[in-house]
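Chains A, B and C are the protein sequences, given in the same order. Taken in order, the first sequence gives residues 1 to 401; the numbers are from this note's numbering. Taken in order, the second sequence gives residues 1001 to 1257; the numbers are from this note's numbering. Taken in order, the third sequence gives residues 2001 to 2619; the numbers are from this note's numbering.
One thing to keep in mind: the hints can contain errors.
30 Å max Cα-Cα, derived DSS-like pairs, lysine-lysine [said to hold, decoys possible]:
#	chain 1	residue 1	chain 2	residue 2
1	A	Lys-179	C	Lys-2287
2	C	Lys-2287	B	Lys-1054
3	C	Lys-2263	A	Lys-186
4	A	Lys-94	A	Lys-371
5	C	Lys-2130	A	Lys-371
Everything labelled a hint here was simulated from the structure, so no lab data went into it. Note that the structure is a prediction, hence the values are computed from the model and not measured.
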Amino acid sequence: MITRRQLIGGVLGGVVAAMTIQGAQAADTIKIGEINSYSKMPAFTVPYRNGWQLALEEINAAGGINGKLVEVISKDDAGKPGEAVTAANELVSKDNVHMLMGTFFSHIGLAVSDFALQKEVVFVAAEPLTDAMTWSKGHDYVFRVRPNVTIQASILANEAAKLPAKRWATIAPNYEYGKSSVEAFKAILSEKRPDIEWVDEQWPTLFKMDAGSTVQALLRSEPEAIFNVTFGSDLTKFVREGTTRKLFDGREVVSMLTGEPEYLDALRDEAPEGWLVTGYPWYSIDTPEHNAFRSAYEAKFDDYPRLGSIVGYATMKATAAIIANSKSLKSEDLIAGGKGVEFDTPMGKASFRAVDHQATLGAYVGRTALKDDKGIMVDWKYEDGANHLPDEATTKELRGM
Amino acid sequence: MSSLVVKGLSKSFGGVKAVTNVGFEVRKGELLALIGPNGAGKSTCFNMLNGQLKADGGSIKLFGEEIIGLEPRQVWRKGVGRTFQIAATFTSMTVIENVQMALISHHKRLLSMLPFAGSLYKEEAYELLELVSMQDQAERPCGMLAYGDVKRLELAIALANDPQILLMDEPAAGMAPNERIALMQLTADIVKEKDISVLFTEHDMDVVFSHADRVMVLNRGELIALGLPSEIRENEEVQSIYLGTGAVYDEELVGNA
Amino acid sequence: MDFIFIQFLNGLSSASSLFLVASGLSIIFGVTRITNFAHGAFYMMGAYVAYTLTESWMGALGFWGGLIAAAVAVAILGALIEIVLLRRIYNSPELFQLLATFGVTLVIQDLVIQIWGVDDLLGRRAPGMKGAVEIFGQAFPTYELMLIVLGPLCLGALWLLFNKTRWGVLVRAATQDRMMVSALGVNQAWLFTGVFTLGVFLAALGGAVQIPRDAVHNAMDLQIIVEAFVVVVIGGFGNVLGAFLASFIIAELNAFGILLFPKISMILMFLVMAVVLVIRPYGLLGKAEAHPRTALGSVIRPWAPLSKLGKNWVLALGLALVFLPMFAGDFLLNVSTEILIFALFAASLHLMMGVGGMVSFGHAAYFGLGAYGTALLVKFLGLSMGATMVLAPFLAVAGAIIFGWFCVRLSGVYLAMLTLAFAQISWSVIFQWDDVTGGDNGLLGIWPDAWAADQTSFYYVTLAIVGISVYAIRRIVFSPFGYTLRGCRDSLLRADAIGIDRLRIQWFGFVLAGSFAGVGGVLFAYLKGSVFPDYISIPLSVDGLVMVLLGGIQTVAGPIVGAGVFKALSTFIISHTEFWKIILGSFIIVLVVAFPQGIVGFFLEHFSKKKDSIEEGKS
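Start from the sequences, fold in the hints, and give me the full structure.
Shown next as C-alpha cells:
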C-alpha cells in the first residue's frame, strides 16, 4: 500500500516535473494567445476550436504569414473573468505572444479587452456579442469578429417590421445580452412601426427559467407576436412548454440565434416551425467558399460545422489577415494593419471597420422548419453586417469620441 | 445578613409548571444546598437565578438589588459566579487560559486587540489554579482533563470575578467519592476564607449533609422544606417523597459524563 | 380567476420538482450532517442516465422503468461513494464532507462530458403525456399534472417510511438526537449509508423526471444545488414536511411574482430565506438540535503563538517572498500576487469560521464589495490608488456591519445559509444595477496608478498589505479579543457565564473578518483591472471554504497554506488542461482522505513535539 507520504511526494514531484517541461519554444514563429471557455461552455467552444484549428492548419500549410509559421497557444478560462485575465497574463508575459484572440462570454471578452488595452496588446474578440466591446468600451487594441447584438437585432427587426402583428411581447434571459437585445429590437422595430404596442416582457433568470409560469404569463398578455432571446436549456424548456400550452399557435415568433445548429439541433424533432430566426443553415449554403470550408471541416473532424466553427475559423483568418497587412508584429502596426483589412470567411468576405474595429460579418436570417425530424432554416438569406452598422458619425458618438 | 433574597420565583413550560412560587434567602458565608428528586425544578431554578432562563414572575435580589430579567453575563458582573452540571469550558484553550479568559472579562478587556492574551493576568490565574490545586495542570489542554479536574477548573473560573455568591450545579457529579469530598471541602474552605456564599445542587446526600450549612428541598417545583441538615433529615414529608424512594442520586445524570 | 388557478398549478408543478431534490438533501443532512454539495451532481446524473435508458427502452414501460432504473443506478453510485469516501471522513470536522463532495462534483462534471458529450440532450416526452388537458380553456400539460401529483405522493411515501418502519423510526431518531441512536446500539454506519442512498435516489429521480420538460445538460448540477439548499434551510434541516412547504412557498411566490416583477426570480428565494431565517432561526418547521455540534468539530490542540522553529519558517518564507521578484518573471509574480490576495481572503474567512465558529457560505460578499468599492471610487470619483485602498474596504465593512447583525443571531448551518442569502442579494443588486455597477459586464479600467503599474511594484504593494493584514489577523487571534471570540465558539454557555456579550463579540468578529476580505477584494480589483459580479458569487465563496478546510481549519496557519496550495494548483491545472475539474476534483478527494485535519493540521499532528497537546479527545 502506498503510504501517505509517498503519495504526497509523488503528487508534488509530478507537479514540479510538469512545470519544468515548459521550456523551449520555436523562436521564429508568430505566436497567438487564445483564450476561451472550453470547460464551461464546451458545446459552443469545442466547434469554435475546431474552426480555428482548421484555419490555422490551412494558414501554415500555405506557408504561414509572410514566411513565418503561426503558433496558437490556447488556454481555458473556466468561464471566469479573473481566470481569463490570469491566462491572458500568462500568454503575454510568459509565452510572449504577439496577439490575443478568443473568448465567448461578453463580460470575459470585456475583461480581456481591458487587459489588452492596459498591456497594449492587440486582441481579436471572437464570440462575445455585447455592443460595448467595439462601441462604448471599444478602444484601438480590440477587434471583434462576430456581429454584435444590435446587428443581430436589427436584422430581425427589419423582417419583423414586415409582419402584420401589432401586439408584441418579449422574453429574454435577465442579463446584459438579453437586456440589450430586447432594447435594440424594441427601438428599431418601434421606429419602423410606430403602430405597434409592447404588451409584456418576461425576464427569467439565465438557465433557471420556470418555463410553465413564464409561458402562462406570456399567454395572459395575448400578444400577436413574441420576440425571444432565450437560448440553450432555457430555449428547450420554453419551446416545450410553449408548444404544449399552444403559446405559439397563430403567433409569430421572432427569435435571436435560434437557427444556429448549437441551439436548433438540441431541440431534435421538437424544433419549432415557422419562427423567424437568425442562425446558420450550413446544410443548404451553396457558395464556393462555404463548400470548401464545409468539406474540409467534415473531413477533418467527421462532424458538421456549427456556427461556432465558422466564428473560430473566421477569427483565425481575421487575425492572420491583420498580421499579413501589418508592417511588423508591434501592436501599433497591428492596429494600423487591422483597420479596414479584409478577410475571407466561409460566409464571404468581411472586413474590420476602421472606425470601430467591428467586423462586417453578417448573419443568416430565415424561417425554421422541420425536415426528417430535425429543425432546419428555410427561406433564408444572408444579411451583410455592414448594412446594419451605424455610420461613422453615429459610431464615433457611440464610442464617445 | 442575606446575599441573595428570592421571592415568588415561578416558571412554566407550555402550561406545565416547573417552578412555583419559590422563595428563600442565601445568607452570607453559608453553603446552602438545593435538593430534590429528578424533575423537581432544581436546574430550572438555578438557570433562572443566573438569568439563563427568563422567570415568569418573582424577584431575585442580590444585596438588595433586583437582578431578575438580567442576562447571565450581566448577572455575572454583579458578582454571581456559576459552574455547570455538564462542565462548560473553552476546550480549545489550556487550563490557565480558561482562567485568564475570565480574568480578562473581569477586567473588561474583552475587546482589547493589542496585547497577547496568553500573558495577561497570568499570575492571578495561577493563584486561582493554586487555590483549587490545579497549578500542575496549568498548561494542559482543557479538553484533556479528567472530569473531576474540569469541575475544579470551573470553580477557579467562577472565582475569577471575586463573586459574592457561587451557584454550583452538581459540582461533584461524576466524580469518585473521595474526589467529591475533597471538592466540597475545598469549596467550604474558600467560602470561609473569602466570606462568600454558595448555593449548590447535589444528588449525593452524603455530600449534602456533610457540607451544607442549610438544605432546602424542592418537589414538583415547590419548596417543601428549608432548614438545617438535621431538620431536613427528619422531615417526614421529605423522607416520603424523596429519601423514601431510596434514590440517593440520579444515575442517569451521572452517566452523562 | 381562471388564470390565477392555472398559475397556481404551474407553481405546484415547480414545487414538486424542487421538493424531490430538496427532500433528499434534507434527509441526508438531517441524519448524517453531510453538507452534500454533490447532490446537484446526482440530480444531473439521474437525468443523463434516464436519458440514455429511455432512448433505448421503448414504450411506456420502457420510459417509466427507465426513470426509476436511472434513479436506482445513481443511488447505487451514491452508496458506493458514501462507503468508499464519506465513511472515512465522518470523524473529520463536519465541513470536511462539504469539501469531499465538492471534489466529487468536479469529477462528475467532467465525467458527464466525457460520457455524454458536450451538447444539450433532449429526452423523450413521456408516453401518453405529450399533450395537454383543457383547464378553464387553457391548455395545461398533462405531464405537469403528473408532477403535481408526484410531489405529495413522494411526501406520503416518505411519511410512511419514517413513521411505519423500524428503519424510518431510527432515522427520525437520528435526525433529532444522534447520540441517542448510537447509544441504542444501532449500526450507525449502515444507517448513514442507507440514508445517503435514499437521498441520492430522490435527487436522481428528481433529475430523471425533468427529461420530458427540460434539456439534459452539463450545468444542471450547479443550477439546482443552491436552490435545493435554500429550500432545505427554509423548511428546516431534516424536516421533510418543511422542505415540502418551502418548495411550495417559493414556487408559488415565483409563479405570481414574475407577473408583477418579471426580474424577481433571480433573487426571490434568497429574499424568502433571509426573511424566514430572521424570523425563525431554524427554518419554518425546524427545531434546535438536542446535541448541537459545532460545524468544526471540537478543537483539542490549544493554539499557541509561533515557536522558534515556526518563526524561522515564517522568516524564511517572508524573505523568499521579498526576494521573489529577482528570480520570477512577470507571470509568476502575477500568480504569486493572486495567491497572496487569496491567502488574505482565506485568513479572513478563517477568522470568522475557525476562530469565530461562524461558518460562512457567502464570504465572497465582502471580497466583492471591496472590489466594487474600488471600482466605484475609481470610476465615479476618479480617486488615486492610495485613497481608494483606504476608502474602498469601507463598503465591505458596511456590508459586514449590516449582514453580520442578522447573521450572528443564528448559529451553525442556518447562520452559514444566511450569509449565503446576503451574498446572493448583494450579487443580484450588483448584477442588475447596470447604471452604477455595469451589471454583468462589470466595470473596466481599474488599473493601479503608474507607480505601481508594473508587476513587480504591484507585487510589493500586495505583499506589504497582505503581510500587514495577515500579521494583524494573527495578532487579533492571540489578543484578548481573539480569545474571547474563540471562547464564544467553544462554549456559548461558558462565555455567557463569564460576562461575555456573545452577540456583540461575534458581530465585531464578523465585521473584522469582512473588512479583511474587503481589503483582499480591493487588491484583486487592481490586479485584474476590472470587476465583475463573479467576484461576489457563490463559486468564490466555495473556493474560500476549500482553501480554509484544505489547509486545516483547526490551525492558525492552515488557511494561508490552503490558499497557496489550492490557488497555485488550480491556476497551474487550468492553464494546462481543460479537464482541470476531474484532476482538481480527484486531488481534493485524495487530500481529504489523506489529510483529514487539513494540510497544516496533518503536519502538526505528525511532527509536533508536544504529544500531550495533540491527542484527540472525544467529541
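Against the structure, the hints:
| no. | hint | result |
| --- | --- | --- |
| 1 | A:Lys-179 x C:Lys-2287 | violated (43 Å) |
| 2 | C:Lys-2287 x B:Lys-1054 | holds (20 Å) |
| 3 | C:Lys-2263 x A:Lys-186 | holds (18 Å) |
| 4 | A:Lys-94 x A:Lys-371 | violated (51 Å) |
| 5 | C:Lys-2130 x A:Lys-371 | holds (20 Å) |
When the structure is compared with the earlier hints, violations turn up for hints 1, 4 and for no others.
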